[in-house]
Amino acid sequence: MGKVHSCYDHRIRSTNKVEPAHVRQPPFWNSIFFGFSSAMLGVSGFETSANFVEEQKPGVFPKTLRNMWVAVSFINIILPSLAVAVLPLDDLTGEKSAYALAFLAERVAGPFLRDVVAVDALLVLAGSVLTSYVGVVGLFQRMAGDRCLPEFFSETNTWRNTPHYTILVFFGVCSSMCIMLDGDITLLAAIYSISFLLVMGLFAFCGLWLKINRPTLPREIKSHPAFFVCGLLLVSCAFTAVVLLHPEMLTYFYIYYGITTTMVMLTFARVSIFKSFLQLMSHSKVARFIIQWFVHKRVAEEWAHQKLKNLQDQGVVYFTKRASMSQINRALQYIEQNEEARWVKVIHCYTDLDQIPPNLEEYVRILDCVYPTLKVDSILVRGEFSPAMVQYISKRIQVKVNCMFINCPKIDFKHPLDRMGGVRVILNSEKPNPFKRLAGTTSPFFGLSPTSPMRGNDYMALVQDKLSEDEKDMQSSPDYSFNLDLDRGN
Numbered sequence: 001m002g003k004v005h006s007c008y009d010h011r012i013r014s015t016n017k018v019e020p021a022h023v024r025q026p027p028f029w030n031s032i033f034f035g036f037s038s039a040m041l042g043v044s045g046f047e048t049s050a051n052f053v054e055e056q057k058p059g060v061f062p063k064t065l066r067n068m069w070v071a072v073s074f075i076n077i078i079l080p081s082l083a084v085a086v087l088p089l090d091d092l093t094g095e096k097s098a099y100a101l102a103f104l105a106e107r108v109a110g111p112f113l114r115d116v117v118a119v120d121a122l123l124v125l126a127g128s129v130l131t132s133y134v135g136v137v138g139l140f141q142r143m144a145g146d147r148c149l150p151e152f153f154s155e156t157n158t159w160r161n162t163p164h165y166t167i168l169v170f171f172g173v174c175s176s177m178c179i180m181l182d183g184d185i186t187l188l189a190a191i192y193s194i195s196f197l198l199v200m201g202l203f204a205f206c207g208l209w210l211k212i213n214r215p216t217l218p219r220e221i222k223s224h225p226a227f228f229v230c231g232l233l234l235v236s237c238a239f240t241a242v243v244l245l246h247p248e249m250l251t252y253f254y255i256y257y258g259i260t261t262t263m264v265m266l267t268f269a270r271v272s273i274f275k276s277f278l279q280l281m282s283h284s285k286v287a288r289f290i291i292q293w294f295v296h297k298r299v300a301e302e303w304a305h306q307k308l309k310n311l312q313d314q315g316v317v318y319f320t321k322r323a324s325m326s327q328i329n330r331a332l333q334y335i336e337q338n339e340e341a342r343w344v345k346v347i348h349c350y351t352d353l354d355q356i357p358p359n360l361e362e363y364v365r366i367l368d369c370v371y372p373t374l375k376v377d378s379i380l381v382r383g384e385f386s387p388a389m390v391q392y393i394s395k396r397i398q399v400k401v402n403c404m405f406i407n408c409p410k411i412d413f414k415h416p417l418d419r420m421g422g423v424r425v426i427l428n429s430e431k432p433n434p435f436k437r438l439a440g441t442t443s444p445f446f447g448l449s450p451t452s453p454m455r456g457n458d459y460m461a462l463v464q465d466k467l468s469e470d471e472k473d474m475q476s477s478p479d480y481s482f483n484l485d486l487d488r489g490n
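Reminder that position 273 of the sequence shown reads as 273 in full-length UniProt numbering, one-by-one numbering, no gaps.
Mixed in with the good hints, there may be bad ones.
[To be verified] Derived DSS-like pairs: lysine-lysine, alpha-carbon spacing no greater than 27 Å straight-line:
#1 309 x 414
#2 321 x 410
#3 400 x 275
#4 307 x 345
#5 345 x 321
#6 222 x 57
#7 375 x 275
#8 297 x 285
#9 410 x 309
#10 211 x 307
#11 400 x 321
#12 63 x 414
#13 375 x 400
#14 321 x 307
#15 57 x 275
#16 345 x 297
#17 57 x 400
#18 414 x 307
#19 400 x 414
#20 375 x 309
#21 63 x 309
#22 321 x 375
#23 345 x 275
#24 321 x 309
#25 375 x 211
#26 321 x 211
#27 321 x 285
#28 57 x 414
#29 275 x 309
#30 297 x 321
None of these hints come from the bench; they were simulated from the model.
Let the sequences and hints guide you as you build the complete structure.
Structure below.
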């Protein structure tokens, strides 16, 4: 019986024998496709360097990218080659594949090197977590300053001067994700892969978009658009491979992405929300009844009115280099459509009185009448337009730097754009139209023909009539234009 059992047991082991890893390999091109997707995660970390661009000295950012490329190109080639040469493929693709590097260290030098690698991995992951907090804090503060997120994300506590709301929200997001996925490292890695590859794809897309829409923007490093297209295609391939391997992770990604997008869209619609709330309070008895369960009707209306007033009384600045009515009009159109603020300060910096463009004040007065929902002022500042001047004006008129707008600078711009403190580029510089110049019928008002049925003599007469009606109010009110003279310290 013992011999029979031995033969039977041998037969079972022979029948259920697992094939070697090299036999179980998928088709060659599938291996290349999915292997490339996994290798893309080896370059994670490039996106974090962009979070420190404004804090770095000139020329440091390209060096950080170069150093990371050198490290990745060396480590990501040497270690996999060494692992394949030392370890069997069955071990690399089996249960120990999650900690293959530590397993390789143990096989090469024993338990001591394995523990060193494990501790080093812990420190690296701790550093990546801290870096993610730094990046999220900077991102949320910038978006809150640009009025894309609620202002409380930019608030800091008085004890440590840290944005505690942002830190707590990000901690809640990360913790909830770990809870939803039961702490499964493989699934968490898939979520990270999707997010990371989307960020890398956005880098390529935005770089290509800037080349097309901001052609005059000064650039220290110039790359051909083909590189952006190639990078976008490669990242798209890696993203597709991750989705094919873990399609169920898209559900969780859409949940968190939808929550973030909803928060941003609600922030954009704050004015409409408050107006709708006030209209609902004034016309709906049911709404008033429900509100009175929590707070008095008058208190709720006063709160909504105050919030609406605070949003619309926020000021924005538009720096203009010359007196171009059509250019200023384009800027006002952008502000009216994209900004909550309804107080626009058109600022021109000059070093000599002869450099003040003529008719600037008249153009601002006309446009102030054309846009009844906006309050438009002109400010003349003596001094050269520079980062120091931007900071001075920001403190003087109490407008944040990231609420100041300029046209896209040209190559001969004296100051790097990343040293301007966060000034936003909203428009390209206007180019003269050769056809209108040859026709000789260009009107100084919006570049339209005097015989235009919509913007012709009738419209100009309407503007002049409105100017005449407002002349008395303008005489009794502060001047539309005032000077900030640095030399006198005013």
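Here is how each hint holds up against the structure:
Straight-line distance between C-alpha atoms of residue 309 and residue 414 comes to about 38 Å, which puts the hinted pair past the 27 Å bound. Distance check on the hinted pair: residue 321 and residue 410 sit about 12 Å apart at the alpha-carbon level, within 27 Å; holds. Simply put, residue 400 and residue 275 have alpha-carbon atoms about 25 Å apart, close enough for the 27 Å limit, and the pair holds. In summary, the hint linking residue 307 to residue 345 is supported, as the alpha carbons are separated by about 22 Å, within the 27 Å threshold.
Taking the CA atoms of residue 345 and residue 321, the gap is near 14 Å; set against the 27 Å cutoff, the hint holds. Simply put, residue 222 and residue 57 have alpha-carbon atoms about 19 Å apart, close enough for the 27 Å limit, and the pair holds. Simply put, residue 375 and residue 275 have alpha-carbon atoms about 20 Å apart, close enough for the 27 Å limit, and the pair holds. Note on residue 297 and residue 285: the hinted pairing holds, with a Cα-Cα distance of about 11 Å set against a maximum of 27 Å.
Using a Cα cut-off of 27 Å, the hinted pair residue 410 and residue 309 is violated, with the two alpha carbons roughly 37 Å apart. With a C-alpha separation of about 39 Å, the suggested pair residue 211 and residue 307 falls outside the 27 Å cut-off, and the hint is violated. Restraint check for residue 400 and residue 321: the C-alpha separation of about 20 Å stays at or below 27 Å, so the hint holds. Our distance criterion of 27 Å between C-alpha atoms is met by residue 63 and residue 414, whose separation comes to about 23 Å.
About 18 Å separates the Cα atoms of residue 375 and residue 400, which keeps this hinted pair within 27 Å; it holds. For the hint linking residue 321 to residue 307, the alpha-carbon distance of about 34 Å lies beyond 27 Å, and the restraint is violated. Of the pairs offered as hints, the one joining residue 57 and residue 275 is violated, with about 45 Å between alpha carbons and a cut-off of 27 Å exceeded. For the proposed pair residue 345 and residue 297, the alpha carbon gap of about 36 Å is over 27 Å, so the pair is violated.
For the suggested pair residue 57 and residue 400, the alpha carbons sit about 23 Å apart, so the restraint of at most 27 Å is met. Simply put, residue 414 and residue 307 have alpha-carbon atoms about 40 Å apart, too far for the 27 Å limit, and the pair is violated. Distance hint between residue 400 and residue 414 is fulfilled; the C-alpha atoms sit about 22 Å from each other, no more than 27 Å. Only pairs whose Cα atoms come within 27 Å are accepted, and residue 375 paired with residue 309 is accepted, the gap being roughly 14 Å.
Of the pairs offered as hints, the one joining residue 63 and residue 309 is violated, with about 47 Å between alpha carbons and a cut-off of 27 Å exceeded. A distance of roughly 20 Å separates the Cα atoms of residue 321 and residue 375; the hinted pair therefore holds under the 27 Å criterion. Restraint check: the Cα-Cα separation between residue 345 and residue 275 comes to about 25 Å, which is no more than 27 Å; the hinted pair holds. Using a Cα cut-off of 27 Å, the hinted pair residue 321 and residue 309 is violated, with the two alpha carbons roughly 31 Å apart.
Taking the CA atoms of residue 375 and residue 211, the gap is near 34 Å; set against the 27 Å cutoff, the hint is violated. The hinted pair formed by residue 321 and residue 211 meets the criterion: a straight-line CA distance of about 23 Å does not exceed 27 Å. The hinted pair formed by residue 321 and residue 285 fails the criterion: a straight-line CA distance of about 53 Å is larger than 27 Å. A C-alpha spacing of about 17 Å is found between residue 57 and residue 414, which places the hinted pair at or below 27 Å, so the restraint holds.
This hinted pair checks out: residue 275 and residue 309 have alpha carbons roughly 11 Å apart, not beyond 27 Å. Distance restraint check for residue 297 and residue 321: the Cα-Cα separation of roughly 49 Å exceeds the 27 Å cut-off, and the hinted pair is therefore not satisfied.
Consistency note: the structure conflicts with the earlier hints numbered 1, 9, 10, 14, 15, 16, 18, 21, 24, 25, 27 and 30.
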